[in-house]
Amino acid sequence: MKSTRVVRSPGGLSVRLDVRAALVVVLLLLAALAASVVLIGTGDFPISAGDVLKTLAGNGNAGQEFIVNELRLPRVLVGLLVGASLGLGGALFQAVTRNPLSSPDVLGLGQGATAGALVMIVLFSGSATEVTVGALVGGLATGLAIYLLAWKQGVHGYRLVLVGIGVSAIVTAVNGYLLTVSDIVDATRAVVWMTGSLSGRDWEQVWPLLGLCAVLVPLVLVNARGLRMMEMGDDVSGALGVRVERVRALLMVAAVLLTATATAAAGPVSFVALTAPQLARRLTRSPGPNLLSSLCMGAALLVTADWASQRTFGADQLPVGVVTGVLGGVYLLWLLVTERRAGRI
Amino acid sequence: MLVDSPPEQRAETAPAPPTRRAIRAFGLLLALAVLVLVALASIAIGAKELSLEQVWHGLFQDTGSYGDVVVDERLSRTALGLLAGVALGLAGAVLQALTRNPLADPGLLGLNAGASAAVVTAITYFGVTSLSGYVWFAFAGAAAVGALVWFLGGSRSATPVRLALAGTAISAALYGYLQAVMITDEAALNKMRFWTVGSLASATDSTILQVLPFIAVGSVLSLVLARPLNAVALGDDTAKALGADLNRTRALSMLAATVLCGAATAACGPIAFVGLMVPHVVRSFTGPDLRWILPYAAILSPVLLLGADVLGRVVARPSELQVGIVTAIIGGPVFIFLVRRRRTAQL
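The listed protein sequences correspond, in order, to chains A and B. Residue 217 in the working numbering is what sits at position 217 of the first sequence, and the numbering runs on without skipping anything. Residue 542 in the working numbering is what sits at position 197 of the second sequence, and the numbering runs on without skipping anything.
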């Protein structure tokens, strides 16, 4: 089967369609939605998948309606949106810096958001909303600082990563300091936040995330053409007509916004931003940034991980970040072993 | 690749011109002098200031006076700082050369995660509470992860990417475990939050004697590896064509880095950034030749570590900031400045 088809419209427009990539996107989306339905049904009060669907359509009984619409649906939506944002943000970072190991964590955005949250938790004993705002401000300020510090007649991908590592080290040290001066109750709360958790998330977290995704995702996808060219290097893509610096600035801002908002909503959930793009690339077998498939993969990963955490350890015993870390790590190990046996890497 | 490489890169296979070599050797002596000064400062400065005379007295004519006792205390701390600094600097340089990745540091290969996971296990499940009790656990953890990364990375056919991926994967899994334990066990969290920032304050003579042999062996091994690692930097094919034994070099480098990081982390906790930053700084004035990078890194890392430790004692008097925090806070801006100022020498 040829992997790329060309679709022509009668008006003379033509679109190249990567069949495999499109199929992967659809399947991942279905997987994410299926996992969401199962996750809504999971908890101290289990609901069957059929009842969940019925309730979502508005035909459930009052008790189920309350549990589904007020308690579990917002949590699952936050999970989906956070996963999607992290997946897309990670793919953007990896494509812009042209380094498959770069992720918001390496660049210090996760740590920046953590610092904002820790300041709120440790120094001001802030409420959940204040912590969210602190994390958002911390993440955005860190992103801005990294970009400005890396700016020197344009931002070079390599310099961006190195500056990010420097900033990340400074902020990590500040976080360590804040943890050592806090009392143990605040420290426990801080560690739970730093692990990344979906518990207790409600509609207040859903709307800002949804609004941001609705604006940024189309914007990013429209500009992704230039990104694909930029993988050939700044000079070549510039010669081919891509306005390299503009595209890069736009996509970086988008990636920072996506990651910072996601982190503010759920904490720095580890590994999703790093693995989702790699997994997506493996499935689509397509070079290029694979933005849409990374997005769907991120959403599917996070919701599945949350479900696994609830099933394995009981409701809200362990935050989802523990599971994404352990599962992601084990998956990557398994991949290494099997790929080695197959002699592919 | 050799044919069309720029002049600086060719210089690495040909011997450097005599004047440049003389300058570099002189610089090395200068760095050594700075190190001695910083070490003396580290003995003299603290919650109680000592004059240089008192330091001299304490070092060479120990009579058990108050000043001499203070010198003794700070001497073990300074010695540990020197050892850990040498270890971290060399390990960082070796790992960056081995993985051909400028981002490589003990964290990337999962050694810190291994040590941390072992220490948290020691606290929670074995009831170890003393810092000197952590040492062997931390070392064993780092060594086990080092071996695992080597095996999963493909052992005899390891490639830089595979090693880095294996390290990242193991780190992620172990940090998940670490966080799970810290969330459920408050006592462990209380200990770990102090251990993970990295500090020299806990230095005792027994800790130093425990890690000294490992750091000595690791240091000699890494210095010997400078030439073979230079060949690795040329890329696998060229290195093979030049007759380098890649497998042996990689295995030995991994061993050296694991022993060095494991020992340093065991003694002081995971001190971030020294191993990453110092080789970068050094590379910006020595160029890519590891025969210069390694000695410079071995001397300048303890300068950074001890300097940061002294500063941490001064800024928060009479209490102190842990060295791991200070290295990052002063090292970070310096690192960013260097990255901005010049095109960082690529590996």
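Warning: the hint list may mix true and false statements.
[As the list claims (entries may be wrong)] List time: in silico EDC-like cross-link candidates among lysine to aspartate or glutamate, alpha-carbon distance up to 16 Å: (1) B:K536 to A:E65; (2) A:K54 to A:D44; (3) B:K393 to B:D413; (4) B:K536 to A:D234; (5) B:K393 to B:D417; (6) A:K152 to A:D234.
[Stated by the list, open to error] Covered stretches of chain B (in silico footprint by chain A; criterion: 3 or more residues with CB under 8 Å from a CB of chain A, positions within the stretch not fixed): (7) 367-375; (8) 532-546.
It should be emphasised that the hints constitute simulated quantities derived from the structure, not laboratory data. Yeah, the Cβ is synthetic: ideal placement off N, Cα and C, and Gly gets one too.
Hints, one by one, checked against the model:
Restraint check for K536 of chain B and E65 of chain A: not satisfied, since their Cα atoms lie roughly 45 Å apart, outside the 16 Å limit. At most 16 Å may separate the alpha-carbon atoms for a hinted pair to count; K54 of chain A and D44 of chain A exceed this at roughly 20 Å. About 12 Å separates the Cα atoms of K393 of chain B and D413 of chain B, which keeps this hinted pair within 16 Å; it holds. Taking the CA atoms of K536 of chain B and D234 of chain A, the gap is about 48 Å. The hint is violated against a cut of 16 Å.
As the CA atoms of K393 of chain B and D417 of chain B are separated by approximately 13 Å, the hinted pair is consistent with the 16 Å bound. Distance hint between K152 of chain A and D234 of chain A is fulfilled; the C-alpha atoms sit about 15 Å from each other, no more than 16 Å. Look at the segment 367-375 of chain B against chain A: 0 of its residues bring a Cβ nearer than 8 Å to a Cβ of that chain, fewer than three, so the hint is violated. Against chain A, the segment 532-546 of chain B contributes 6 residues with a C-beta closer than 8 Å to a partner C-beta. That satisfies the three-residue criterion, and the hint holds.
This entry does not satisfy hints 1, 2, 4, 7, going by the numbered hints stated previously.
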